[in-house]
Amino acid sequence: MPQWLFAFLAALAIIGALGAILQRNLVHCVLGFALVLIDLGVLYMGLGAVTVGFLQIIVYVGAIMVLFLFVIWLLNIQADTGVRGGASLGLKLIGALAAAALAAELFVIFSHAPKLREVRTIAPSFGSVATLARVLFTRYLIAFETTSLLLLAAIVGAVALARRLAGQSAAVAAIPPRPGMRAPESRREVA
Amino acid sequence: MRRRAHTQSLLASDSGVTIELVIGAIKAVVIVLLVLGLTTLMLWFERKGSALIQDRIGANRADIFGLGKRLGMPNFGVINTVLADPIKMFTKEDFVPDGADRFLHGLAPFLALFPVIITFAVAPMGDILKIGKYQIDLQPANLDVAALYVLATIGIGVYGIALGGWASNNRWALLGGIRASAQMISYEIAMGLAIIAVVVTYGTLDLQQMCRAQGGVWFGFLPRWGILLQPVSFLLLLISGMAESKRVPFDLPEGESELVAGYFTEYSGGKQAVFMMTDFAEVLLVAVLITVFFFGGWQVPWLYRDGFHFPGGAAWPLPNLVVAILQFAAFWIKVIILSCLQILIRWTLPRLRYDQLMRLGWKGLVPLGLLNLVATAFVVVAAGGK
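In the order they appear, the protein sequences are chains A and B. If you use the working numbering, the first sequence corresponds to residues 261 to 451, in order. If you use the working numbering, the second sequence corresponds to residues 59 to 444, in order.
These aren't lab readings, by the way, just hints derived from the structure by calculation. There could be a bad hint or two in this list.
To be verified - Okay, the calculated beta carbon distance ranges per label pair: (1) B:Q193 with A:A267: 32 to 42 Å; (2) B:A86 with A:P262: 17 to 27 Å; (3) B:D156 with A:I415: 49 to 59 Å; (4) A:V319 with B:D156: 35 to 45 Å; (5) A:W264 with B:A86: 46 to 56 Å; (6) A:R284 with B:Y192: 49 to 59 Å.
Stated by the list, open to error - A short, non-exhaustive set of chain A residues, derived as facing chain B with CB atoms under 8 Å: (7) V287; (8) C289; (9) A309; (10) T311; (11) L315; (12) I317; (13) I318; (14) V321; (15) G322; (16) F328; (17) F330; (18) V331; (19) L335; (20) L392; (21) V395.
Here the structure is a predicted model, which is why all the values come from computation and not from measurement. Ideal Cβ placement from N, Cα and C applies to all residues, glycine included.
Given these sequences and hints, build the entire structure.
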């Protein structure tokens, strides 16, 4: 990837990230976030990890961000009307601590990163589906399978919670009221 | 001197690069123009075909200065749909409702159309065409993870529809947008499972390689097309593809008898035309995917790189150019037939109810797709595949 392209994509990612946190309208924030995620996918592709780049776009932009939009609309969350500085001191403190930890982490990573002139070209098979699959199913097999198990547990949990909520509301509205008919006993009790 | 020689060799390689770029640009322009042209053709087929199905006459009035009538030509409504309708649409007032998100309202139609159009970049329109010393791959962009690319662009396609519904500041439109996002995410899973089964069968994500793998014959006469290997996947992709293109029987996001016009209620003029074009481009895209995965892509039965080899031993050698043209024509004819099939289904079935839609997607297609995938994987491993 040419250096100017990398610089452009990096700048675009920062603009998207700023858009995601600074805008008032939540839908605009989600779009800023989606821009960051597409941009990261393109960066991965440019750096040779083509498969990961496309998977990033399929999973995050194609599914998770759409779910974000869906939830925002479903819960009818309105735009933040904007009382600034409303967060409590404790929240600010925690935020500052987290930011400091992230900055320290980035500093350690960058100070250990190889110098630009030491960077070697990567093998052409790097980032191909075959390489990725081999690594996932040999070296990281346990981590990979544990993660899928975790996701499965999360899905089952979500379904169980949703079922219980649906069960409650179903008990309330078990029999729809019909005009000219007396409500059945159970319904009158609830009312 | 050495420096000059170096410059010259650089220039020579430069002109090679330039010609490659020109070839790439021509391929890109050809596919975009073909897609847009076929979109219009589908629009015509939809209007005139639906008239035939419903025993109406359909579009037959528009003419240019009465020229066709004076020459005694029958009017098939081509001028209506290809010329008069687009001109009418694009000269209508472009209306943005009060309280709408002006930026996103304007962006949404193009956000819907763009991912669909760029997906055609990996459509393999033919095998290798040799012109002089150049070997031109008739796939506009040869991507070895093309199947993932297709899934990624289809995934992005949801945004235009959903945002168009939201940005209109209209409840019908918002309901349409929410329905569209739920429907498209649900059916993308079935679509992905169908595509993965095909990928497992051929052991590649490259659409061009898949087409090549479908060359040759079984039992001496039967073309090795994918539909014979993956009939269940074919049904899954056809149904989920029709749901992705949001047309009857899956047109709940539009639902004109419930939601006025769904997500594009508040659109008029050119922007509405862009949404309409997106629909037809998606029909074409589904046809292209089905052609590539299940009907051999550009394969013509018994046509090989050096000409026809008919069952029974007869052979008819053909030059490379003729073979390439035949493959190109075969690909687009298959795409047109499959698009027309989708339009016929659209004018035959009634709309599903929302719970039926979700039941079909999650309780019908997804388990079927998973079963098909597991069965495919067993067969491939048992047959000693890669």
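Range hint compliance [Cβ, B:D156 to A:I415, 49 to 59 Å]: violated (42 Å)
Interface hint for A:A309, Cβ within 8 Å of any Cβ on chain B: violated (11 Å)
Interface restraint verdict for A:L392 against chain B (beta-carbon cut-off 8 Å): Violated: closest Cβ of chain B sits about 10 Å from A:L392, beyond 8 Å.
A:V287 as an interface hint toward chain B, with CB separation required under 8 Å: holds (6 Å)
Verdict for A:R284, B:Y192 (Cβ pair) under range 49 to 59 Å: holds (55 Å)
A:F328 as an interface hint toward chain B, with CB separation required under 8 Å: Hint violated; A:F328 Cβ to chain B Cβ min 10 Å, cut 8 Å.
Range hint 46 to 56 Å (beta carbons of A:W264 and B:A86) holds or violated: About 23 Å separates the Cβ atoms of A:W264 and B:A86, which means 46 to 56 Å is violated.
When the least beta-carbon distance from A:C289 to chain B is tested against 8 Å, hint result: violated (13 Å)
Hinted contact A:T311 with chain B - closest CB pair below 8 Å: holds (6 Å)
Residue hint A:F330, partner chain B, criterion CB-CB below 8 Å: This hint holds: A:F330 lies near chain B, its Cβ roughly 5 Å from the closest one there, short of 8 Å.
Whether the CB-CB distance between A:V319 and B:D156 falls inside 35 to 45 Å: Roughly 38 Å apart at Cβ, these two residues keep to the hinted range, so it holds.
Interface hint outcome for A:I318 [beta carbon to chain B under 8 Å]: Since the shortest Cβ distance to chain B is 5 Å, the answer is holds.
The structure does not agree with the numbered hints 3, 5, 8, 9, 16, 18, 19, 20 and 21 stated previously, though it agrees with the rest.
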